[in-house]
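K.L.:
As a plain string of letters, each chain reads:
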Amino acid sequence: MELTVNDYKSNVKPIWCPGCGDYAVLNALLRAFAQLQLDPARTVVASGIGCSSRFPAFVKTYGIHGVHGRPLPLATGIKLANPDLTVVAVGGDGDGFSIGGGHFPHAARRNIDLVYIVMDNSIYGMTKGQPSPTSPEELKTKASPYGTLEEPLNPIMMALAYDATFVACAFSGQLKEMIELFVQALQHPGFAFIQVLSPCVTFHNTYDLYRNNVRPLPAEHDPADKLSALKLALETEVQYTGLFYRNASRPAYSQLQRQLIEQAGRKTLEDIFNAYKP
Amino acid sequence: MNSKRTVVVRVGGEGGEGTITLGELFTRIAAQAGLEVYSFRTYPAEIKGGQVMYQVRLGTERVHSEGDEADVLVAMNEKAWQECVSDLCRRSALIYESSLTALGEKHHGASYPIPAEAIAKEIAWPMGKNFVLLGALLWFFKLGLERAESLVSRRMKRDLEKNLEALRRGYAYAQEHYPEDFPYTLPLPETPEPRLILSGADAMALGALAAGCQFYAGYPITPATPIMEVLARYLPVFGGTLVQAEDEIASLNMVLGAAFAGKRAMTATSGPGFSLMIESMGVASMAEIPIVIVDVQRAGPSTGLPTKTSQGDLFLALYGGHGDAPRFVLAPDSVKDCYYQIINAFSLAEYFQMPVVVLTDQTLAARVETVPPPAGLWTAPLERLVPTLEELSRGDYRRYRQTESGISPMAIPGQPGGMYVADSLEHDEYGHPNQQPENHEAMMAKRARKVETARKMLADWKMTSRRWGDEGAEFGIIGWGSTRGAVREAMEMLRSQGYRIEAIYPHTLLPMPDAAIREFLQTKKRILVPELNYSGQFGRMIEHRYYHELMAQQARIYPLRKDQGIPFKIQEIYQAALHMIEED
Chain A
971 MELTVNDYKS NVKPIWCPGC GDYAVLNALL RAFAQLQLDP ARTVVASGIG
1021 CSSRFPAFVK TYGIHGVHGR PLPLATGIKL ANPDLTVVAV GGDGDGFSIG
1071 GGHFPHAARR NIDLVYIVMD NSIYGMTKGQ PSPTSPEELK TKASPYGTLE
1121 EPLNPIMMAL AYDATFVACA FSGQLKEMIE LFVQALQHPG FAFIQVLSPC
1171 VTFHNTYDLY RNNVRPLPAE HDPADKLSAL KLALETEVQY TGLFYRNASR
1221 PAYSQLQRQL IEQAGRKTLE DIFNAYKP
Chain B
2 MNSKRTVVVR VGGEGGEGTI TLGELFTRIA AQAGLEVYSF RTYPAEIKGG
52 QVMYQVRLGT ERVHSEGDEA DVLVAMNEKA WQECVSDLCR RSALIYESSL
102 TALGEKHHGA SYPIPAEAIA KEIAWPMGKN FVLLGALLWF FKLGLERAES
152 LVSRRMKRDL EKNLEALRRG YAYAQEHYPE DFPYTLPLPE TPEPRLILSG
202 ADAMALGALA AGCQFYAGYP ITPATPIMEV LARYLPVFGG TLVQAEDEIA
252 SLNMVLGAAF AGKRAMTATS GPGFSLMIES MGVASMAEIP IVIVDVQRAG
302 PSTGLPTKTS QGDLFLALYG GHGDAPRFVL APDSVKDCYY QIINAFSLAE
352 YFQMPVVVLT DQTLAARVET VPPPAGLWTA PLERLVPTLE ELSRGDYRRY
402 RQTESGISPM AIPGQPGGMY VADSLEHDEY GHPNQQPENH EAMMAKRARK
452 VETARKMLAD WKMTSRRWGD EGAEFGIIGW GSTRGAVREA MEMLRSQGYR
502 IEAIYPHTLL PMPDAAIREF LQTKKRILVP ELNYSGQFGR MIEHRYYHEL
552 MAQQARIYPL RKDQGIPFKI QEIYQAALHM IEED
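Those protein sequence lines, which keep their order, are chains A and B.
With the first letter of the first sequence counted as 1, position 33 gets the number 1003 in this note's numbering; the numbers rise by one all the way through.
With the first letter of the second sequence counted as 1, position 322 gets the number 323 in this note's numbering; the numbers rise by one all the way through.
Only chain B is shown next, with the shape it has when bound in the complex:
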């Protein structure tokens, strides 16, 4: 048996020959058997066809990143091997279509040819190649046939018998020809823990349902669409409404309308759509309407790399828009966190009557992880402050009344006595347009005050940042979002070698959890800031915001930027951290 705690299995082949199906089914079966999973896949830009890759990292305990090297490669064609060869670990196992004879010779580690094509031909089911290979994989990982048979029967009605036959033949072939132990088999738990298998997009959609979301409007855009598709299925069974709007501007305005009318409302989009929404997001700041916007970031300006990942929208989320408009920005850092941060987003939006941007990215939204079933909410969701009918009956209702916290009770259409106009023009306490200099400044201050109120309130909330490692270390890592897994594993390597290092990942980027960050910075001399964008937006923000703290300690920021459309490798973080530590 294998001594490793995790194993990376990669499947490569032509799009349209079932490569992804093979990977997804294998992932589910492994998760059913009690292994933890973490998937990663690349999408070709082509609509159909093109080379595709699906990867899953299996673990006997929770898996935090996709891993740097593949231990097992399942090659459906030669290109799969060519594309993957540089990522293979030294003793990798190659499972391949045996007609690709050249592969067996080229590959340095153990190889396991499977005549998938020939078997598929034999059973007169040429589309069944992927199921033959799946069957073989099940044998190698000692996952048995039963789970696969019932899963396939449940999920795929078409050509079921043929696919099952292919699956069994593959399993039998591998069993007969490779009876010895496979070097990468992981031990299975006797009684698997209850787990859900969720993508980040699933987790966000379920989080929205848990938070009481009742309205969603969105426009199809890669890689955010899956959130809409999950909610399209489930919002109606919660009595909610989903509209596919004519564009992103319409999406956000529908969300504004629904939120104004009293519902918890959200949209999800990616960079180009978010850019279109920026003007309307200002209405939520100005007229104080609670809305949630999820930005699933993709790479590059303009159309860029629609199917690739990035953290390039940070400045857009923090500062995008005209006229100095307050908002909140949250950044989940795992699939599980996606669920909770959406609930948090609704809490902040509703309580403070403001726009909340949830920044995720392609890899986080698309990858699948096993997560424990959410048990309750980590904090009670906050409600919108609505005036009572008795308050309204007294007359003189001032929708935008100046208060110490900046929050004023928001009447909902249908409430007698609460009639007001939510105005995108500057307005007075009643909501009436007002251009007076003193009024403008006072209302700007009122709206901005809500962020400060939130900053104070959030200081008591546990999950505004995640901090781990060696407390009081001189070396630190500050990052945000989906890079956390790779950072965590790189730190494990460093610490196992005796280096002392500590990391912090804020979950609210606006407002920043300043107290927590300042405390973290107190002992730091060198701080690595890894991020997936070209200009190092987060590093600049940290440098700017904590300039005095950094100066006082003569501490330095070490930016680590990567903008290739793919996530960090653990090695990249490890090397950069090592370089930082050892630099004179």
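Okay, chain A solo, but in the shape it has when bound:
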């Protein structure tokens, strides 16, 4: 029986503000699930803490909503425990690039086969509007009344530097493109990172900014060309969306893990006890 978008939707109402970019991300992911006819019982969504991290409750698959910043290690444990599951880690920019920033390079380094969606609103929304690691310089908030002093991080550059094997950027205002990127990411055999520009209408409304400066990646860009991807990611005047980089030839971690277990052979407890005889 064909599953529809509604089959992936839980009966819990999202807590997001009306107009929040995260509604579109939820919508896109459920559509991507439906498009691929994923088995809800074999799909897991893992998250940390923040507005966007409330995500798993709204999805009718298995889910885990852990502590702040840790969706990637949670998702890694799930995937390695059962490589047959489709695992999606979700979170925000504070969760993923600030408190949990240490996990991002390692998930990429392992090429652990899961999808990591960061709903980037460049603000701490749940705690009511403090600057985040992707907030623009000189942003004034209640916690930075004189303006921030830090430069924003560039998540696409980071992902490329960490050698993530799938690096993409989407915009909440462009649903169709986002669904397409999610579908590709779910089919990617390795670590797939997608930054979604997902504005916070309440504390840092960037809809107008993005409507003006978001552009699809140039048609001639080849996602196999990392230097070109880096160059486009460095662009500050416009914000490119689409698939920056893809390398499907590097083996995924759980595949290597499976090989390692096969090559190690089998032993019984008795064999191991024997190795401990004096």
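A portion of the hints provided could be inaccurate.
[Claimed, not checked] Subject to a maximum C-alpha distance of 25 Å in a straight line, what follows is the list of computed DMTMM-like cross-link-like pairs (lysine to aspartate or glutamate):
(1) A:K983 / B:D429
(2) A:K1247 / B:E392
(3) A:K1247 / B:E230
(4) A:K983 / B:E18
(5) A:K983 / B:D461
(6) A:K979 / B:E230
(7) B:K122 / B:E18
Simulated from the structure, these hints should not be mistaken for laboratory data.
Assemble chain B onto chain A, guided by the hints.
P.N.:
Just chain B, lined up with the frame of chain A:
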């Protein structure tokens, strides 16, 4: 022949000149020959070099502690003698590098110079000093050369011939120059009992395999790393997975993920790493995910004394974390017990869907003991309660359903109809976030109820505490963990002098085996609580928890605290107990 049942042999020298290798090989050979062994070693903080010491206590029957005094010292340099002289017994034997002529004069007991350096030079193998001395030791203990030759051939491929030559030369030299009986030789059994030679870390890793552990994530930290290294080797041959994570927070979250996905999962760490894990351990309490955390305690706050032992993490294990989160805490008290308590930890974690902390320490994890090969499990491992597909097909699956025991069936990803969110937010029976006052209280009660269910269940389990000595004595000792051996030997001394004293060592510190402790306390007037930490955490806990019982009998707690990074000496326990007994 020696009339003692045990002999302490200590080897001291510069790190990097094979001191530890000498000690370890000697230990193995003695164990092969059928002696029981119990090793102890100090590690310098330096990465390479620095003075090191390796000690083994050999016995004709099971050895329970490292022993207070060294009977035999093998000194590779002068510092070894200087550092050890105050620990030597009155008639100790000194085996030393003969170029250290001053030692022979200073030492009061018998001394046995061996020209190890000269022999090593003679055979053009300057690195072979330790093997020359090993050869000599084998002669003194009548262990023969054969076992050593085959052991060295199996374990050390590099420079094998040279090392074997050094070994034989050392043996021959000692045989020629010291043909008389050595005062500390122990009788060897004709047919050695089958034994394994395990460190506490080995025992925990093997226990995890026996318990069906399928996932381990960890981060290198002294002194817990050996557990990871053993499992790195053996988990894959059991079809399991080991990941070296980027930090301890990641380790624990990977373990949470794997356990959520249905696997038996664990990590091991030491104090600093455990501190980092505390927040995430709350997820296991809140979202009811079975995980096992081993804390191999080391001394001091912050970085402290990374290579030294302590029991200072008790309060952290019992109470660490915010928001009143239930967990279990176990405390093995010997290498053998390490094996069984890990199995017990998995049973409790899985059955009650909760975090279980296993508190061990540096000396327990690092020391090597001979143990009988484990024969089966002392209790059938308990399984996680998983809903049947038929139950799930009825719909309305409530992951956190209120039950009398507090335990609700946990669906595993892959099971159709079981989809739920394991939420670190307070949630209702379905797992949906819920902030209602009544709901929060009811769910707190549900999770806490599991500890009470366990307390009742554990009352029937034999190994929740170990009690020995004179039943009904007025004087008692309550302790936990690795201090048991020293306590046991101190009590033997006291009892042989006619004092009546009894001890109890709980193996589950949370929940405490209250019924057993209360029964123990019934006759006690004075109770010694020895522990290796500064503030006397366990003593305070006992005083607080059993306040009424102690008051009713006008019984007093005598705290005995030691926080030097090293274990108790038998004498320290003995003197403190004597003081308690004889005090007016």
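K.L.:
Does each hint hold? Answer for all of them.
P.N.:
Hints versus structure:
At most 25 Å may separate the alpha-carbon atoms for a hinted pair to count; A:K983 and B:D429 meet this at roughly 15 Å. A threshold of 25 Å between alpha carbons decides the hint, and for A:K1247 with B:E392 the separation of about 47 Å lies outside it, so the pair is violated. With a CA separation close to 18 Å, the supplied pair A:K1247 and B:E230 stays within the 25 Å bound. Among the hinted pairs, A:K983 with B:E18 is inconsistent with the structure: their alpha-carbon atoms are about 68 Å apart, more than 25 Å.
The suggested pairing of A:K983 with B:D461 is violated, with an alpha-carbon distance near 47 Å, which exceeds 25 Å. Between A:K979 and B:E230 the CA atoms are separated by roughly 44 Å; this puts the pair beyond 25 Å, and the hint is violated. For the hint linking B:K122 to B:E18, the alpha-carbon distance of about 15 Å falls within 25 Å, and the restraint holds.
Checked against the numbered hints given earlier, this structure breaks hints 2, 4, 5 and 6; the rest are met.
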